[in-house]
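Enquirer: Chains as they are written, first to last, in the working numbering: chain A, 292 to 644; chain B, 292 to 644; chain C, 292 to 644; chain D, 292 to 644.
Errors might be hidden in some of the hints.
Since copy identity is lost for identical chains, a pair holds within one copy or between any two.
[To be verified] Calculated pairs, DSBU-like style, for lysine-lysine (alpha carbon to alpha carbon, straight line, at most 35 Å):
1. 462 <-> 297
2. 494 <-> 297
3. 547 <-> 297
4. 462 <-> 428
5. 338 <-> 298
6. 494 <-> 428
No lab work stands behind these hints: they were computed from the structure.
4 protein chains.
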Amino acid sequence: MNYPNKKINVAVLGATGAVGQRFVQLLCDHPWFHISALAASERNVGKRYEEACGWHLSDVMPEAVREMIIQPVEPVLDAQIVFSALPAQVARETEPLFAQAGYAVCSNSSAFRLDADVPVIIPEVNADHLVLLKRQKEQRGWEGLLVTSPNCTTTGIAIPLKPIDMAFGLKKVMAVSMQAVSGAGYPGLSYLDIQDNVIPFIKGEEEKIERESRALLGRMAGKQRLDADFTFSAQANRVAVSEGHTICLSLELEEKAEIAAVQDVLRDFRAPIYRPNLPSMPLFPIIVRDEEDRPQPRKDRNAGQGMQVSVGRIRPCPLLDVRMVSVVHNTLRGAASGAILNAELLVAEGYLS
Amino acid sequence: MNYPNKKINVAVLGATGAVGQRFVQLLCDHPWFHISALAASERNVGKRYEEACGWHLSDVMPEAVREMIIQPVEPVLDAQIVFSALPAQVARETEPLFAQAGYAVCSNSSAFRLDADVPVIIPEVNADHLVLLKRQKEQRGWEGLLVTSPNCTTTGIAIPLKPIDMAFGLKKVMAVSMQAVSGAGYPGLSYLDIQDNVIPFIKGEEEKIERESRALLGRMAGKQRLDADFTFSAQANRVAVSEGHTICLSLELEEKAEIAAVQDVLRDFRAPIYRPNLPSMPLFPIIVRDEEDRPQPRKDRNAGQGMQVSVGRIRPCPLLDVRMVSVVHNTLRGAASGAILNAELLVAEGYLS
Amino acid sequence: MNYPNKKINVAVLGATGAVGQRFVQLLCDHPWFHISALAASERNVGKRYEEACGWHLSDVMPEAVREMIIQPVEPVLDAQIVFSALPAQVARETEPLFAQAGYAVCSNSSAFRLDADVPVIIPEVNADHLVLLKRQKEQRGWEGLLVTSPNCTTTGIAIPLKPIDMAFGLKKVMAVSMQAVSGAGYPGLSYLDIQDNVIPFIKGEEEKIERESRALLGRMAGKQRLDADFTFSAQANRVAVSEGHTICLSLELEEKAEIAAVQDVLRDFRAPIYRPNLPSMPLFPIIVRDEEDRPQPRKDRNAGQGMQVSVGRIRPCPLLDVRMVSVVHNTLRGAASGAILNAELLVAEGYLS
Amino acid sequence: MNYPNKKINVAVLGATGAVGQRFVQLLCDHPWFHISALAASERNVGKRYEEACGWHLSDVMPEAVREMIIQPVEPVLDAQIVFSALPAQVARETEPLFAQAGYAVCSNSSAFRLDADVPVIIPEVNADHLVLLKRQKEQRGWEGLLVTSPNCTTTGIAIPLKPIDMAFGLKKVMAVSMQAVSGAGYPGLSYLDIQDNVIPFIKGEEEKIERESRALLGRMAGKQRLDADFTFSAQANRVAVSEGHTICLSLELEEKAEIAAVQDVLRDFRAPIYRPNLPSMPLFPIIVRDEEDRPQPRKDRNAGQGMQVSVGRIRPCPLLDVRMVSVVHNTLRGAASGAILNAELLVAEGYLS
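With the sequences and hints as input, model every part of the structure.
Expert: So, in structure tokens, the structure goes:
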């Protein structure tokens with residue numbers, strides 16, 4: 292495993308938005324990375340970050356970035372890694388330019404997530420998919436590379452599914468999500484639309500969850516990803532919660548299992564190739580809650596600095612085999628922290644030399 | 292069909308509680324019924340209703356009941372029908388005393404809901420189950436009778452399931468609910484527990500939903516109810532909504548059906564034995580919403596004075612056959628109005644002579 | 292007093308916005324007015340109302356307007372009265388064109404509210420200010436006329452201040468408001484900004500409240516309005532409430548008064564010139580609540596179809612003389628219904644001949 | 292100044308309640324104090340803390356206390372200091388027994404707060420009032436002592452008033468509070484009562500704020516506290532916020548002052564007798580916010596680990612002299628952390644020998 296011998300310069304693309312601010316907040320304290328550039332859309336270029344950014348996180352804006360001048364989103368930034376919080380349509384045009392110019396692009400956007408030569412990665416789930424980067428280099432001829440992290444809800448599903456799939460095999464998955472408002476960005480939803488309400492629809496979300504989950508649990512055949520072939524039905528709802536997605540899961544297994552056995556594989560789950568020294572990786576990616584009414588987003592979203600998925604209510608399903616509830620922090624594990632963990636993995640695996 | 296030729300005296304048991312207040316509010320304006328007595332627990336007996344009751348509905352307390360004196364919950368009330376909003380454990384002891392003494396008891400409590408000789412009724416779904424009252428009379432020897440209305444969430448499920456079951460047959464049902472806070476009564480949940488949160492557990496609720504749904508869709512064989520035999524998996528969640536339960540449904544049908552055909556049977560559904568003149572019965576028990584993001588509890592709970600169930604997002608399911616979302620007003624159709632509609636049915640069917 | 296002998300054609304300017312929708316909802320049922328035209332900004336012109344409008348009120352969109360075609364905001368509409376829900380900057384340019392072309396413009400915008408020849412009216416408070424319309428005609432040479440209704444918070448203050456000023460004289464007013472989110476229009480505030488929060492600032496609001504209150508309680512000297520000269524300190528806050536502004540008031544009076552006397556003048560208040568037949572005017576503009584914890588926006592905002600201001604907690608002030616709390620429905624009495632009541636007054640007073 | 296040379300044993304009375312849990316959470320990490328006993332009401336005695344306590348804070352219950360056995364609230368606990376989170380009526384009977392038995396009682400209850408020989412203390416505001424303990428000892432003959440911390444809202448008012456009073460003198464204060472739900476304890480308010488609502492009344496709160504503020508800013512004349520004599524009008528409201536009280540203040544000063552001068556004295560304020568080494572005391576008790584829309588409870592309540600009061604919108608008042616908005620964390624600075632800081636002061640001042 293590789294460690295950086297000095298801090299690596301990183302840039303944030305789309306630094307003023309909701310996920311961009313999370314990137315900035317997390318990277319200011321990061322042991323391996325140093326923010327050397329902030330980039331955003333045309334209208335903010337040339338402004339001081341403090342001036343351009345309607346900072347809306349609870350903690351105050353870190354001193355280190357207040358006076359930084361916003362640069363254009365062009366591949367001339369002084370950085371090795373760029374974290375992209377760009378909207379999908381902008382990402383589609385811009386991220387390849389950065390990859391071509393030699394940057395390692397760690398993207399939170401959905402633009403390239405399911406391309407055959409672009410890995411979508413959760414290190415604890417499918418670090419081996421990084422081998423797709425070889426195919427990416429061959430096909431695209433890029434100097435740099437592009438790695439993506441999955442949709443926030445997918446993250447809260449794929450992490451508990453992984454150890455269950457390894458232990459028992461997955462045949463069918465039914466997921467109903469109750470997603471936090473911050474998942475829609477900032478300003479996102481109007482208070483008048485979501486207070487005292489549930490909105491049982493999020494555009495494109497159900498398809499993303501179904502397809503990305505099969506990709507993440509897919510296996511590599513040489514330089515090709517073979518998506519997992521379980522059947523998946525996802526239903527996405529928006530609820531009046533600020534942060535933390537809750538997902539009701541019902542699963543059918545290849546091999547029947549006792550509830551206690553399912554609890555055990557979740558509780559014992561660690562990354563397949565255990566990398567103890569990635570700064571953002573929790574020792575246990577999953578916390579199993581035994582209380583009858585947990586996990587709950589307000590109480591469990593911050594587990595492990597927002598990097599642990601909490602799973603509870605593991606019980607039989609009258610229709611499939613086993614039911615459970617999962618809670619994931621959507622803007623940390625499900626967005627900014629997830630992409631940073633991917634960058635740490637790239638460093639550790641030697642992709643940045 | 293029978294109509295009352297003058298107003299029928301009715302009493303409310305548990306008149307000061309959350310559902311009790313709804314009963315009072317609805318009955319003050321009722322064309323067939325007249326509130327002749329209010330009863331509540333010992334500590335409120337002898338007080339004026341206005342004084343005993345922490346009225347929490349938005350509309351003001353009706354003039355007609357302010358000065359009524361609270362009576363004990365004993366079968367000496369001047370009334371033909373009693374509406375029971377008693378807690379289950381009190382109901383279990385008290386409701387039989389009223390039935391024995393000759394009252395028609397319309398109960399919203401779960402105490403006797405699944406007894407073999409106690410009908411649990413939604414008039415549009417299973418009015419024919421009233422025949423159980425004959426068995427009830429034979430077995431219990433009561434002068435009066437006891438009819439119950441189902442759990443609020445069950446109501447929002449059984450109404451859309453009924454026409455689908457009639458048209459195509461039901462094999463499997465998966466339901467995930469997002470239930471309003473008022474379903475837990477008043478004061479019910481602490482603001483600190485449910486704001487910015489989801490609680491993925493409601494004690495006993497999943498079992499009630501599964502069993503009552505099969506009872507409601509069961510068929511009568513003489514004086515015996517044969518419960519429907521579809522497989523049912525229910526998962527119950529509490530969300531930060533004041534009124535209106537939302538339920539994500541996924542169904543497997545006996546006979547495959549086009550989505551359009553499912554929409555049609557829902558849209559066209561009327562009570563099997565159509566009774567145009569029950570005052571609380573809507574012409575169409577179901578509204579089908581075509582918008583991609585409806586139904587929503589805040590926008591749809593009041594449809595048809597809170598008596599219509601709104602159904603939308605009717606679409607294929609990758610795992611079973613068809614998915615949809617249902618919204619029901621939990622304290623109206625799902626509680627007080629539902630029990631009043633049952634009383635109207637009893638009158639119309641001649642059970643009160 | 293004049294009554295219309297047939298329905299008067301009216302148009303709504305800005306018909307697709309938050310206040311515009313309220314206008315449409317209220318006017319569809321109005322005994323004197325008939326909606327003959329809907330106008331909105333360029334991008335919606337030519338569309339059916341149903342298609343152009345993201346209807347967000349709880350009640351469904353009235354049938355009568357669904358198929359109406361949106362017209363441009365230009366003074367060629369088939370109507371005698373136009374209700375303006377235009378933003379201030381658009382109103383500034385457009386409303387004079389309508390007034391010049393002969394329309395009676397009833398505006399909810401702040402654009403002309405404090406011009407010396409434009410009456411800002413609450414019929415129960417200052418109907419006599421309509422005399423300014425003579426000056427308006429002389430100075431502007433308009434065929435039609437322009438009348439405005441005050442800011443929503445001002446409305447909830449001026450109505451209770453009026454009878455107190457008449458009875459005892461006002462020297463000083465301290466007001467702290469807790470304003471509903473709908474006051475900021477739709478979509479208005481982001482859920483992420485206002486949930487679990489108070490925002491102690493609303494741009495321009497405190498100045499509007501202070502100035503408009505003095506205008507409304509001013510007296511006419513011929514064709515000139517002399518603003519009232521009490522001292523006024525207003526502090527405006529936004530809170531997580533959907534509808535209904537709450538205002539804490541503390542007053543110093545010219546002539547000392549018992550609390551009971553203040554309660555009496557509030558309770559007995561009727562419009563100075565009593566007009567029993569304006570359809571939107573409540574018999575009593577103020578409800579005095581005696582409970583120790585009322586008024587509350589959720590419980591009291593709908594009093595009198597949202598046209599009555601609820602006042603409670605009337606008690607001595609250790610610093611000035613008397614304190615109280617007022618609740619007003621901000622999008623009904625404080626916006627659309629208020630402007631419609633003004634139009635009714637114009638009709639009754641013969642300004643529309 | 293005295294420092295403890297080893298950790299001091301402390302007990303928490305009322306350890307299972309809302310403030311009790313905060314005490315436990317904060318004391319588990321405290322550099323000077325060690326939790327040696329937890330006491331609670333009869334029905335919890337003998338249970339493990341984990342079992343007795345419906346822990347509702349976001350962070351998990353500290354390991355160190357899970358297995359501790361709840362003891363009765365009787366003065367036989369192994370501790371030097373007891374922190375009391377008892378309800379007022381229990382505190383009134385029990386706290387004197389502990390003080391008599393030699394314990395230093397740091398109470399968050401209102402029971403003795405305004406007794407002439409019981410100091411109510413905010414160390415930065417009136418540490419000199421500790422001299423009342425001499426009078427307390429003389430009058431009551433206690434081995435130990437009793438010190439109280441003020442009401443949570445009072446805390447958010449007295450801290451900014453102190454430097455202004457010192458610099459310019461206070462003549463009049465008008466305060467309107469918007470208080471968080473957690474101030475009412477747990478479970479406290481029903482979701483159904485406070486969601487989408489404001490409750491403009493909190494029993495006894497306005498009187499407490501007015502009287503305690505004058506006590507805190509009073510001066511000592513020998514062993515007698517002379518309360519400050521400014522006029523004070525407080526109006527208390529409950530809003531839908533979980534934690535953090537917001538207070539709109541309007542002040543009249545003895546000596547007129549520029550706004551900039553008021554800002555400066557707030558910004559520069561430190562404890563009169565500066566004690567750099569009390570672990571819970573922030574370097575600056577006040578943060579002055581320059582943004583036009585701050586402070587806000589969700590963004591500012593956690594400033595300085597919840598120990599700093601945020602003040603903003605400092606501007607002239609048309610009626611008195613200066614207006615401002617204050618935000619204080621009600622369960623940290625306003626309750627548990629405040630009482631712990633008082634205990635640190637007692638240690639530092641040598642009252643525990």
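Enquirer: Indicate, hint by hint, whether the structure satisfies it.
Expert: Each hint, compared with the structure:
1. 462 <-> 297: Neither, since 46 Å and 60 Å both go past 35 Å.
2. 494 <-> 297: Cα proximity of residue 494 and residue 297: none, with 42 Å in one copy and 48 Å across.
3. 547 <-> 297: Neither: 49 Å inside a copy, 57 Å across copies.
4. 462 <-> 428: Close inside one copy (34 Å), not across copies (50 Å); limit 35 Å.
5. 338 <-> 298: within (26 Å within a copy, 51 Å between copies)
6. 494 <-> 428: Answer is within: at 32 Å inside a copy they meet the 35 Å cutoff, but 53 Å across does not.
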